[in-house]
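Protein chains in written order, with numbering that gives the first Met the number 0: chain A, 0 to 250; chain B, 0 to 598.
It cannot be assumed that every hint is accurate.
Stated by the list, open to error - Partner residues are not named here, just some residues of chain B that face chain A (Cβ under 8 Å, in silico):
1) 46
2) 98
3) 110
4) 114
5) 320
6) 497
7) 583
Don't read these hints as lab results, they were simulated from the structure. Don't be surprised by glycine CBs; every beta carbon is placed ideally from N, CA and C.
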Amino acid sequence: MTDTEKVIEIQVLRYRPEQETEPVLQSFKVPFTDDMSVLQGLQYIKDYLDGTVSFRWSCRMAICGSCGMMIDGKPKLSCKTFLREYYPAGLRIEALAHMPIERDLIVDAGDFITKLESIKPYIIPKEPRTLEQGEYLQTPQQRDMYEQFSSCINCMLCYAACPQYGLDKTFTGPGVLALMHRYNADSRDGASAERMDLGYAHEGFWGCTAVGYCSVVCPKGVDPANAINQNKMNSAINYFTRFVTPKGGTK
Amino acid sequence: MEVYKADVAIVGAGGGGLRAAIAVAEADPTLKIALISKVYPMRSHTVAAEGGAAGVTRPDDSLEYHFNDTVHGGDWLCEQDVVEYFVAHSHEEMVQMEHWGCPWSRKDDGHVNVRAFGGMKIERTWFAADKTGFHMLHTLFQTSIKYPSIKRFDEYFCSDLMVEDGRCQGVLAIQIATGEFTLIEAKAVIIATGGAGRVFRENTNGGIVTGDGMALAYRHGVPLRDMEFMQYHPTCMPGTGLLFTEACRGEGGFLLNKDGYRYLQDYGLGPAEPSPRNKAMELGPRDRLSQAFWHEKRKGRTVEGPHGAVVNLDLRHLGAAKLHERLPLICELAEEFLGVDPAHTPIPVLPAVHYTMGGILADGKTASSLPGLYSVGECSSVGIHGANRLGSNSLTELIVFGKVAGVEAAKFARSVSISNPAAIEKQAEAARTRALDVVTQSRGKERLAVLRTEMAQSMENGCGIYRLESDMQATCDKLRELRERYRNLKIDDHSKVYNTEWLLSIELGYLLEVAEAIVHSALNRKESRGSHQRLDGFEERDDVNYLKHSLAYYTGDGPPRIEYGDVKITKSTPGTRAYGAAGEEAEAAEREREGAGND
Chain A
0 MTDTEKVIEI QVLRYRPEQE TEPVLQSFKV PFTDDMSVLQ GLQYIKDYLD
50 GTVSFRWSCR MAICGSCGMM IDGKPKLSCK TFLREYYPAG LRIEALAHMP
100 IERDLIVDAG DFITKLESIK PYIIPKEPRT LEQGEYLQTP QQRDMYEQFS
150 SCINCMLCYA ACPQYGLDKT FTGPGVLALM HRYNADSRDG ASAERMDLGY
200 AHEGFWGCTA VGYCSVVCPK GVDPANAINQ NKMNSAINYF TRFVTPKGGT
250 K
Chain B
0 MEVYKADVAI VGAGGGGLRA AIAVAEADPT LKIALISKVY PMRSHTVAAE
50 GGAAGVTRPD DSLEYHFNDT VHGGDWLCEQ DVVEYFVAHS HEEMVQMEHW
100 GCPWSRKDDG HVNVRAFGGM KIERTWFAAD KTGFHMLHTL FQTSIKYPSI
150 KRFDEYFCSD LMVEDGRCQG VLAIQIATGE FTLIEAKAVI IATGGAGRVF
200 RENTNGGIVT GDGMALAYRH GVPLRDMEFM QYHPTCMPGT GLLFTEACRG
250 EGGFLLNKDG YRYLQDYGLG PAEPSPRNKA MELGPRDRLS QAFWHEKRKG
300 RTVEGPHGAV VNLDLRHLGA AKLHERLPLI CELAEEFLGV DPAHTPIPVL
350 PAVHYTMGGI LADGKTASSL PGLYSVGECS SVGIHGANRL GSNSLTELIV
400 FGKVAGVEAA KFARSVSISN PAAIEKQAEA ARTRALDVVT QSRGKERLAV
450 LRTEMAQSME NGCGIYRLES DMQATCDKLR ELRERYRNLK IDDHSKVYNT
500 EWLLSIELGY LLEVAEAIVH SALNRKESRG SHQRLDGFEE RDDVNYLKHS
550 LAYYTGDGPP RIEYGDVKIT KSTPGTRAYG AAGEEAEAAE REREGAGND
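Here chain B stands alone, though its shape is the one from the complex (with noise of 0.2 Å):
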């Protein structure tokens, strides 16, 4: 087997791997970098994100404006040293992305412009037009082509850890068009694989966003922390779940039921004014704006379409020349496979699943409980997005924590050095052993698309935006039934070059073990809080109880175990969450609050 020997190995060359990548080199351009993907970095789903990444940036607003926007947005979820970090930190790496070429939409004097986006309560949200992740992943690529110690493995998927002597050194990657193995020995990893969308039906996501590393990491015993907390959101295509980004109502979309009627003002986040206020309605969070259209279909006001129940995003009013502006990529998708003209119809939404608020259990400084293992990105629980992300926090995430991680393990890799590569490259065998069965021990009949099919409705029907103990406890089983019928897959591909149903063979053994870690944290958490909210008798948060954080652990073949975490509180104790003109009362009681204790 072939043997490379990394300073630091980065699994994923999304947005937070790539500024990892960045971080290690600039920190030690000695250190030598394997830089790992199982797509060429500028696929990397990072790709796919439109409207904007968060940083204080305007007179008017503060530090501890976007900190209590997260930590309220989170419904108080979130770890708060490490929210207090991150508003901190997002500035300065917005500012870095620019001196780096990110093609940054303007204002008139040359200043780098801001939009209004979800739950925030100034504008902070920078953007390139509604290509953010777009551009931003492509500047960073770019700029690490500069770097002569990032080593990039383009198309080799990570099959698995090594870890030697209680801590990670190395993983096992497969050259994708070879099919053959590479161990890479690393002193540090870090794990930058983005998230887990693809267990579910309707999502926004590509077909990558598997939880690789999620389930890597679990099944060495690392805790996947708060994993019920799926995000919905409200605005995706029906029939394919593909978004329609946030800024459209940051730009001022109205969101409309089958009667034209701004259905959200009926939800506590009203009043319905002509420009959405921010924090208030079509700019509410996207827990609440998929709960209201949950309970809009209940209701019978929303529209009857080819793939079930929508609602109309109406930006007619917005006009062609600043839709063409500030919403050139939404204008082509609703064109092109929807055959809508935004500027003449409103376009029919639903919600689909986007973002996986949980992961990998990490420190503020992105290590792992697991010495040597960090991570960054989707695919980790850092702590800044609780049980609900705001739009536009986790493209900052990727770059504030992508510096953290590069950092951080280009320290310990210097601290240490491999220490048994015999045993390591023994690891590495039986490792590839494993991977290889999935293929050669397949002589069952089981199809993959239709394990993969199940899963995904099974998912839909139990971690919904409602959930209930009944449905939630049929998707654990229906989950368990599938890992057993996982065992006797039929594989019609037993070739080596480009054998991508092999691949997607061990995908699935990772969705699947990601999904029972989401549906047991679910079916342990009888409250309801952000985006896993109860229906069952448990419709309210539970503070007493359940301002914790799950923490899944893998048994094996089992059921994951779950355990909780303490929430770290700095300066927000958990209050009344609401937006619109209720939101603004709360606003006015809490300062008063403040303002007495103070005295």
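Chain A extracted, bound-state conformation (with noise of 0.2 Å):
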């Protein structure tokens, strides 16, 4: 038997709101080869098989974190993620947990952007600085101290994974939070007081109950569970120090 004839069973779990009053699983026979991902499954079943069958996707390489769904009940990225892993048994795609279903495998993204926005994930400068005095110095060392929270490609599969952002949507959540740190933890930026008054609420660091799978589940190793509990230790650190200097401990 050669590789091209090999044939995987998909299920896809469908909603159309026009259609259907609840989410049905929809099984499709896929001829596949090893090199095949998911999404291209995906795209074979919406090509030649059901046109309606509708998904988020774009770049392939795992960059712009779009295409986001439960595999077999896990948060993956359906372009890296290959069928061979799923033969002879088969695959079961859902859309990603904990989110509205727009339809079929597509959530409302929402309320992660509304999060997204609120934290003021932007530079606010310690030191303003104008384009004639050319770059801020920062050494790799200083880099390496928030480069690898700011490599979230905002997929939102932490949201997924995430028990407490599953029970509680005021969560801030694991993406928002290391993006949040990923701007604190920025030599350039001076504003890390401002935000750590949104991670002190309920809804911010101290909602995280340090379950990790978000870290697990993270397909570009951003850790927001290491950024969590970076600013849990930032966040008590202050909450000591304000009781014994005048003006708090943000500075």
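Make the complex out of the two chains shown on their own, each in a separate frame, by following the hints.
Encoded structure:
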């Protein structure tokens, strides 16, 4: 039997609000080769079996963050998950957990985007600088303090993995907290106190119950759990120093 | 129909669109900006750019060097006054990105580091490991959140431009989540929708790179300039076409044929030295490297793989530590998609379509021939790439000309008012019907994916690395046929919520028209220049007849009309384009000539 003759069963969770009252599984038989991704399997379905199956995708190389979905119950990027790993048993694909399904595999990203926008995810300079003065100096070691946390592709897999977010949608959540830490930890930035005002709130860092599954599913090694832990530590120190210094310890 | 009244509408929220939006907001915070994108901004294809962004930085570098590299690299089809502006403003825009938080890679002393890139005489490419586009895009997106005057329309698909009283006065967009239409009135419109690489079969581009803005401007009479110049990137993944950045070679990687031989030395790029010299061998320009692959394949010196002929990109001598510091994404791609650890095994690569050098005709200030319409980035032909773009010039283009587009559009928007809202609304209704017709009037039997696949294969056959009249003519004929069959689509999906099949159908319409502009421009250019290489009696560059820009005009159902426009020469008269040792000789001769002229 040659490679091209292999066929795999893909079950796709369908939900079309104009047609279905609740999600239902639909099964497709897809011929595949060993180098085909789950995304390519879905593209085959859409192109040749059923044009109504809907999902987001673009770059195909795990950098645009569009194609997150639950694959056999685990949040993954479909472009870098391979069909061969599920052969011969087949696989089940569903929309990302913990977010409302808009249609089929497409979830409503609105809550994530609103949270991202709310944490001032931009440099608020410690010392303003003109273009004529050139770049801020930042050593490779200083860059290393935040680089990992700047690698988040906003794919939302960590939100689908986070049990706390599943229970409580007011929780800021792993990806956005990692992004907040990214700016707080940047040597050019001077606004961590301003951001930490949000971090102190229930929905901020302390909302995390330290399960750590966010970091396990992260496809880019961002490690949001680590970002949250570091900030719990800072926040605890700050909480303490608030009482012993007159202006609080946030500076 | 919902109507939103903006001052400036920007279609596309990748690097160019975001930079333009910020420029408008900074130029005049009272202007209302509508930033429209068919995907969330951070999904835009800028995200996939890897290697870096050029800007003269080192003391031993100069604007003149960057200018010369760019103009020679473009085989003298660049607008030289625009290139002068570009090189002069690159560095400050890179610094601006730094101030906004872009995590540029650094030297030990804290200054930004630069790396070597193909066709560049001096190291001047700023980089953030090998995820430069990703970091620039996220930096711009996150910075844009600071500006309250930027109203984003995320996941709104632009289906037409509103042109009234001879100027562009808005866009019609579909809210993808609901299928409802919104008319966005605007006194100025900037198109920043990226390239059209998806017209080709094997390409590095994301699924969204479908030439939307090019097709929209083209349909409204703005010519597409120099569309025949499509860039093949020499080092891409077999099967998928995914990109392995030129920075692999900038950091010292080799290209080897099946005998382990650095074959580029046989194609005027040598001599082969242990570490690549700037503008030689592996650091030659992309057109020459892709052409060398084609010849190696013909000579039977490539390796046969499951997806056809490949050569090897050898990074082993760089060592695991350097690879993980400088090229982490490349390591990840090689390991996860090919099962190859580049520290121990060479990566199989082949050329794939990467970049659309041509685009919407724009003057040096990004204005098109239609008043009120501007363009920036890959969709635009502002004139800096000529017949072959140098790697790391396009990310810089986004921010240099994104700013220009924003400033110019803001200025224009302040100088005019919406002339006839009732007429514009009527137009929008008609455009809405046309967009809906793609689904409601499709009672045929043609499958979307079949047409798309046939188009992409035909483009590869006719407009590949080397071109023949008969093949190009066959592609022209095929595209006529496909445009005819496109009227006869069979669409499965008739719903409104996230009807992606509907949007793919509209995109296919864009792709087919842009494809026609490409192949007809190619067929008409009877010479070889940069990425346009012919093997049918027109193997040489012909400056007498073709030191001209191609201009493809839309003619409705017929093929495009091809006209020609002048090329702006300011200080570099067309000369010999050479690399490696031959390039150094040519440069010395040129210096001597210029020296003699100054006496």
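The hints, checked one at a time:
no., hint, in the structure
1, 46, "holds (5 Å)"
2, 98, "holds (6 Å)"
3, 110, "holds (7 Å)"
4, 114, "violated (15 Å)"
5, 320, "violated (13 Å)"
6, 497, "holds (4 Å)"
7, 583, "violated (32 Å)"
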